[in-house]
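Student: Residues per chain, in single letters:
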Amino acid sequence: VWQDKEKRESLKVTFMDGLGGFHYSIIFAGMLFNSWEFLVFLPVVVACYYLLQQKYRWMLLLLASCVFYMYFIPKYILILFVLILIDYVAAIFIHKARGGRRKLLLIVSLAANLGLLCYYKYALLITDSLQALVQLAGLHIYLPEIHVVLPIGLSFHTFQSMAYTIEVYKGRQEPERHLGIYAVYVLFFPQMVAGPIERFETLGNQLKQFHPFQMQNLVNGLRLVLFGLFIKMAVADQLSPFVDAVYKSPETYTSFSVMSAMVLFSFQIYADFWGYSTIAIGSACMMGVNLMDNFRAPYLSTSISAFWSRWHISLSTWFKDYVYIPLGGNRTTVVRWCINILIVFGLSGLWHGASWTFLVWGVIHAAMYLIERFFKKEVTSAFQRTLGWLFTFCGVTLAWVFFRSHSFEQASLMFSQLFADGTTSLRFTWQLITAVVLFVLADGIMQGKRFDLFIQHKALVWRWLVYGILLLGIVSLSVGDDQPFIYFQF
Amino acid sequence: MTNRLFISSFKMSRNISYIAVRVLLGIGLSATLSLVYTQFFWQEDLATYGEQLPELWQKADSCDVLYFAESSNATYADTDTSQKSISEYFADHVPNKKVCALNKGAVHAGVFLALIKQIPDSSKVKTIIVTMNLRSFDAAWVHSELETPLMKSNVLYAKRNPLLNKLFMSFGYYDHQTKEERNAHVEHQWRYDTLNFPFEYPYRTVRAWDDGFANGGYEIIDDTIWSYEKVSLACHYIKTYAFQIDTLTNPRIKDFDEIVKVAKAKKLQLVFNLLAENVEYADSLVGKPLSYLMYQNKNLLMDRYNKDGVTVVDNFDIVAGYNFMDQNWTTEHYFAEGRKQIADRLSLYVKIP
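One line per chain: the protein sequences are A and B, in this order. All residue numbers for the first sequence refer to my numbering, where the first residue is 1 and numbers rise by one. All residue numbers for the second sequence refer to my numbering, where the first residue is 1001 and numbers rise by one.
In short, the hints are calculated from the structure, not lab data. Please note: incorrect hints may appear among the correct ones.
[What the hints assert, rightly or not] DSS-like cross-link-like pairs, simulated, lysine-lysine; straight-line CA separation at most 30 Å:
1) 248(A) / 1104(B)
2) 1267(B) / 1097(B)
3) 1254(B) / 75(A)
4) 248(A) / 1179(B)
5) 1254(B) / 1307(B)
6) 1239(B) / 1124(B)
[To be verified] Covered stretches of chain B (chain A as the covering partner; in silico rule of three or more C-beta atoms under 8 Å from a C-beta of chain A):
7) 1164-1175
8) 1284-1293
We put the CB at the ideal spot given by N, CA and C, even for glycine.
Bound conformation, chain A alone (with noise of 0.2 Å):
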């Protein structure tokens, strides 16, 4: 995983022995939004996609999503168009269809999508589990090993393909007659591989609308572009080699090293999917495409449930949308309702990876969201505010550690090292600190606003200072290591 450059060189699935040891990691030679590839793509698609009619317009967007998604791995282009056929047809027949017969195409398409996630995510988890099992019962029977690539944003685009029949079926939505603007709302390039998780009702209707040339789009598309290389290349990239140290032999680090690392890994993370996010945001919106916000200053929240309505808000909506509201929400017995919230926490720590660790990392924040909910009183003064933020900053950073770690030996070690003391401690360079002050600088200062809508009404001087600075930033911390976005692998 990217935790290691030496994993994150290898294109094949690796796997590691023993339960909870299992993980992936796949290589990204293809069009990062941090390469100068998409750096040429960008402008190319985006001057083509005004000076092209707006009937001709979905032909050039499905185009480069493919280019785009070719980039990595060519072949598994084809996954995604198997997809797209099965769930467009669905959709209509849903449509149509009465009674039992919704629900029969609605988990027909359902299963396809999740059949091809399990496949690919999690056929390796599943079969060495139950070998595990199997051992542990004394049988002398193995499984095949399944060792298959993962396709990139196959968990996005799976879920914005289920969002869309599921909505059909409520009837909330009108099925997409024309094949191609569907497949232009799973494949859309700027967050195809790792969202924001779009509607249909939202981002398919903007495909068929016409934008026209509009120096405000395309200003601030630039600005978000900016913003978010910034957040990625100097911060996240900045902080990735001193938490991959530390994490690689946790043994070897000082209490306070191994207590450094946990907490840079909380920016690096933010920062690189916020990066991420604000890049895809700022991509779209270029050729007039408004996307979700995907981060709300996640970790200025006082409480965890306030920590999940700003921490990746497409994949929480979906969650609630789909998976917490049908259970029955919070409309049912108390112990019912917290199974629910076990559930729906567990599936989006298994969401995000094929590990044990990702279900305890889902599970540790659901204990929390139900300790807070059951024993939070009203806040009332600023010290309990500052009371809650510690609690929540705190309790979000100690469960990364389960996030990052690629077993539960790994996370262990690091949490008995935090009360051990190694030798080795980490250099805290002045490029490392000056990333983590200029990043806790600006998630302040913005306070979850948009940096576009942030800076836009700024003075002139002002706006082309922090432009300054960003590409100041950009040039003078990035290390230029081809870094993958961490978002990708899932």
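On the provided structure of chain A, position chain B as indicated by the hints.
Tutor: Frame of chain A, contents of chain B only:
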């Protein structure tokens, strides 16, 4: 009508001034960034990602001869009678000249070229000696995974605005193929590049030769049963030396050709120091067909660059097998005696002005 025209021209002039102000601001920002970056960050980036460039500038100011090399000039054994490098032995032959070396493991002509381009015109250097390593032409080295960090440094060595270089580095504007992609290139060459012999030989590709040897083909050499280690070493020699340089496609040829041009333009005396390979072991482990290919490649390089007026010093087979430090691998790491032999030969052919 007049009113509409007035409004339209007013809007246009507003748009023009809007764009003009931003273009000016953009130019100003770029210039300021360039200045700030070059002044405050560039040296640190060079120290981190391209340490050979500051070293080159420093040495170019004070040295008469620059010796560009990979690990052959920086490796010695603890048991060596002397731990002098090839360039240091060579310096003993020219006591009135200052010889300086720029060494880094795994570097090749592509890196030397980028550095040579950076030798200032005002430099004291009059002669450059560039190691020519036959292995650096083979598929495994051309597509080595070490290329990614080397090419990353090379971006910073380019003669461009430092800010632009760093931007190119940051956005991966260099050959940053993955290990798997590179391995695939190597495998492709091993599988499909045909080897042409002027005599009958059963193996025509590296892969076939390697597989053949691994599966008993070594019986061609002798009829004893070889140990696993010996077969592995023979296969390694095949994979390292079984190639025929294609002057049209081999990137090293392009780089060496370019080095010749740059040296001429900079009026530098250019010497290619063709390093010794363990021909003796290649011959005994794999047989004449392999040494045939090795000599064919060596002759090609000698002829090509002698014609260009470059002094190519032929050390190809002057070091005996036992003088190679790595007895179970192919390297150009020599014991002191081997290093001295190469330096002595170099001194015979190179006359420092």
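Student: If a hint holds in the structure, say so; if it doesn't, say that too.
Tutor: Do the hints match the structure? See the list:
Note on residue 248(A) and residue 1104(B): the hinted pairing holds, with a Cα-Cα distance of about 27 Å set against a maximum of 30 Å. Between residue 1267(B) and residue 1097(B), the direct Cα distance comes to roughly 18 Å. Compliance with the 30 Å bound is thereby established for this hinted pair. Taken as a hint, the residue 1254(B) and residue 75(A) pair is broken in the structure, with Cα atoms around 34 Å apart against an allowance of 30 Å. Of the pairs offered as hints, the one joining residue 248(A) and residue 1179(B) holds, with about 21 Å between alpha carbons and a cut-off of 30 Å not exceeded.
Restraint check: the Cα-Cα separation between residue 1254(B) and residue 1307(B) comes to about 16 Å, which is no more than 30 Å; the hinted pair holds. Among the hinted pairs, residue 1239(B) with residue 1124(B) is inconsistent with the structure: their alpha-carbon atoms are about 42 Å apart, more than 30 Å. A count of 8 residues in the segment 1164-1175 of chain B with a Cβ less than 8 Å from any Cβ of chain A is obtained; the coverage claim is therefore met, three being the minimum. Given as covered by chain A, the segment 1284-1293 of chain B fails the check, having 0 residues with a CB less than 8 Å from a CB of that chain where 3 are the minimum.
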